[in-house]
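Colleague: Given the coordinates of chain A, assemble chain B onto it according to the supplied hints.
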Amino acid sequence: MGEFDFTVWGPSLPFIRDGLLFTLRLTLIAMSGGIFFGTLLALARLSPFKPLSLAAGAYVDTMRSIPLVLVILWFFLVIPFITGTPVGAETSAIITFTAFEAAFYCEIMRSGIQSVPRGQVWAAQALGLTQAQTMIHVVLPQALRNMLPVLLTQTIVLFQDTSLVYAIGAKDMLKAADVVGKNYNRPVEMIVLSALIYFAICFSLSLAVRQLQKRVAIVR
Amino acid sequence: MNYHWNWGVFGEQVKAGEETYLDWLITGLGWTLAVSLAAWLLALLIGIAVGALRTAPSRPIALLGTAWVELFRNIPLLVQMFLWFFVVPEFLPPDWGLWVKQEMPAKEFATAALCLGFFTSARVAEQVRAGIGSLPRGQRDAALALGLTLPQAYRHVILPQALRIVIPPLTSEFMNVFKNSSIAFAIGVMELTFQARQMQEDSEQGIETYLAVTLLYFICAFTANRGMAWIEARTRVPGLIARTS
Chain A
1 MGEFDFTVWG PSLPFIRDGL LFTLRLTLIA MSGGIFFGTL LALARLSPFK
51 PLSLAAGAYV DTMRSIPLVL VILWFFLVIP FITGTPVGAE TSAIITFTAF
101 EAAFYCEIMR SGIQSVPRGQ VWAAQALGLT QAQTMIHVVL PQALRNMLPV
151 LLTQTIVLFQ DTSLVYAIGA KDMLKAADVV GKNYNRPVEM IVLSALIYFA
201 ICFSLSLAVR QLQKRVAIVR
Chain B
221 MNYHWNWGVF GEQVKAGEET YLDWLITGLG WTLAVSLAAW LLALLIGIAV
271 GALRTAPSRP IALLGTAWVE LFRNIPLLVQ MFLWFFVVPE FLPPDWGLWV
321 KQEMPAKEFA TAALCLGFFT SARVAEQVRA GIGSLPRGQR DAALALGLTL
371 PQAYRHVILP QALRIVIPPL TSEFMNVFKN SSIAFAIGVM ELTFQARQMQ
421 EDSEQGIETY LAVTLLYFIC AFTANRGMAW IEARTRVPGL IARTS
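So the sequences go chain by chain: A and B. Going by the working numbering, the first sequence opens with residue 1, and the numbers climb by one from there. Going by the working numbering, the second sequence opens with residue 221, and the numbers climb by one from there.
Pulled out of the complex, with its shape left as it was, chain A reads as follows (with noise of 0.2 angstroms):
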């Protein structure tokens, strides 16, 4: 057994919550900005337009088929191209995490949107409202409320697949563990440490879903 000294824990701290925040920008933009754009696509593969509901089908089994690490890559290769000046990991992780994610939180929005009795939508359209009143103020509201277990359970995953911007040598809180265990020359204590933090949070925000799906399943 190897010699451990815990108390690099102490000093690490600052830099980790540095690194906590940035983790945690990074899963709130990319899970609202993913919610949204989601929810488009979910509007574009329900639609009765062919070419359109093609077109988002194919984006979202396209990168629901590629292994984030590569998409990481790809969008840290390309958005240079297209912007014409290089961008930061971070920004890049940022764009590239709501793009990725848009694609998942559609599979779920397109359920929820289903999952809205059919009788929802002839009621609303007897009522006189028009496509665009009937989505937003009946369909969409009730699809969020059922999918909301999911929609929390998906940025779950969402919160941990974010240390894979380590690829790219964005400054995570992996990063930071990584960066102070290098300086330190205490890697495997900050490795203990990234670790523990991440199952302290993803336990605890599972236990909460749960909690919470419980509720959602009482009330409806």
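Accuracy of the hints is not assured; some may be wrong.
[To be verified] With a straight-line cut-off of 20 angstroms between C-alpha atoms, the simulated SDA-like cross-links for lysine to any residue are: (1) K321/B / K175/A; (2) K321/B / L303/B; (3) K327/B / A350/B; (4) K175/A / R417/B; (5) K321/B / N185/A; (6) K399/B / E107/A; (7) K399/B / N185/A; (8) K399/B / T240/B; (9) K175/A / G408/B; (10) K399/B / R186/A; (11) K175/A / P280/B; (12) K321/B / F4/A.
[Claimed, not checked] Calculated from the model, a selection of chain A residues having no Cβ within reach of chain B, i.e. all distances over 10 angstroms: (13) V69; (14) G88; (15) H137.
Since the hints were derived computationally from the structure, they do not count as laboratory data. The model shown is predicted, which means the values in this text are computed figures rather than measured ones. Heads up, the beta-carbon is just placed ideally off N, CA and C, and yes, glycines get one too.
Modeller: Showing chain B alone in chain A's frame:
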């Protein structure tokens, strides 16, 4: 920015060596397949066992199964890779740890396969548990009433049915294994993503490189999908599961 296309790059020699870039990609594909298949085998063995344990009538055993699943599900796979690679050897007895660190053959491969296998086992266990849960209670009761012991009931009655039910979700898990194997690049396994990064830096033909690697991942996932569909068709018991399609 202008991009200089060069589709002939795959036949060119790498900067420091005799091989071509194509050789790098083939090596990468080999390691991706090796890690994924080894991990999948491990995941099936452990996952089925843990999934069955979680439905066991004994509370402590079921709790142990739950703890297993929660542990692997709530830590990012990349961090788990680092844990197995850097941390676990420190907790082994000194001579073992030293052997692992210095002499163990194909250390990166073994670590990655073990890590991905355990990670996937937690997900397989969830599916197996759901499959067992979807069986009518009467199946277990009838098996016990016939005089089978509980392990026998699992072996001959419950698992054969439950496993057939969970083949579709296991198919997507199998495809996930190939995708997740890409994370093994971080501990130095020379699989496809590792080769993609290396070739992109060496040749500066990033787009061609990533296109080729993306295509190879597609082929892996597609083959995995067809393979599982074949198993599903081969193991189907007529009339057992109502086909929805």
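Colleague: Against this structure, judge whether each hint is valid.
Modeller: A quick look at each hint next to the structure:
Distance check on the hinted pair: K321/B and K175/A sit about 23 angstroms apart at the alpha-carbon level, beyond 20 angstroms; violated. Proposed proximity of K321/B and L303/B is supported: the alpha carbons are some 14 angstroms apart, at most 20 angstroms. For the suggested pair K327/B and A350/B, the alpha carbons sit about 35 angstroms apart, so the restraint of at most 20 angstroms is broken. Proposed proximity of K175/A and R417/B is supported: the alpha carbons are some 19 angstroms apart, at most 20 angstroms.
Note on K321/B and N185/A: the hinted pairing holds, with a Cα-Cα distance of about 17 angstroms set against a maximum of 20 angstroms. Between K399/B and E107/A, the direct Cα distance comes to roughly 19 angstroms. Compliance with the 20 angstroms bound is thereby established for this hinted pair. A threshold of 20 angstroms between alpha carbons decides the hint, and for K399/B with N185/A the separation of about 32 angstroms lies outside it, so the pair is violated. Distance restraint check for K399/B and T240/B: the Cα-Cα separation of roughly 25 angstroms exceeds the 20 angstroms cut-off, and the hinted pair is therefore not satisfied.
Between K175/A and G408/B, the direct Cα distance comes to roughly 17 angstroms. Compliance with the 20 angstroms bound is thereby established for this hinted pair. With a C-alpha separation of about 31 angstroms, the suggested pair K399/B and R186/A falls outside the 20 angstroms cut-off, and the hint is violated. In summary, the hint linking K175/A to P280/B is not supported, as the alpha carbons are separated by about 38 angstroms, beyond the 20 angstroms threshold. For the suggested pair K321/B and F4/A, the alpha carbons sit about 17 angstroms apart, so the restraint of at most 20 angstroms is met.
Non-interface status of V69/A relative to chain B is broken: a Cβ of that chain comes within 10 angstroms, the nearest being about 5 angstroms off. Listed as a non-interface residue, G88/A keeps its Cβ farther than 10 angstroms from every Cβ of chain B; the least gap is roughly 17 angstroms. For H137/A, the condition that its CB be more than 10 angstroms from all CB atoms of chain B holds, with the nearest at approximately 33 angstroms.
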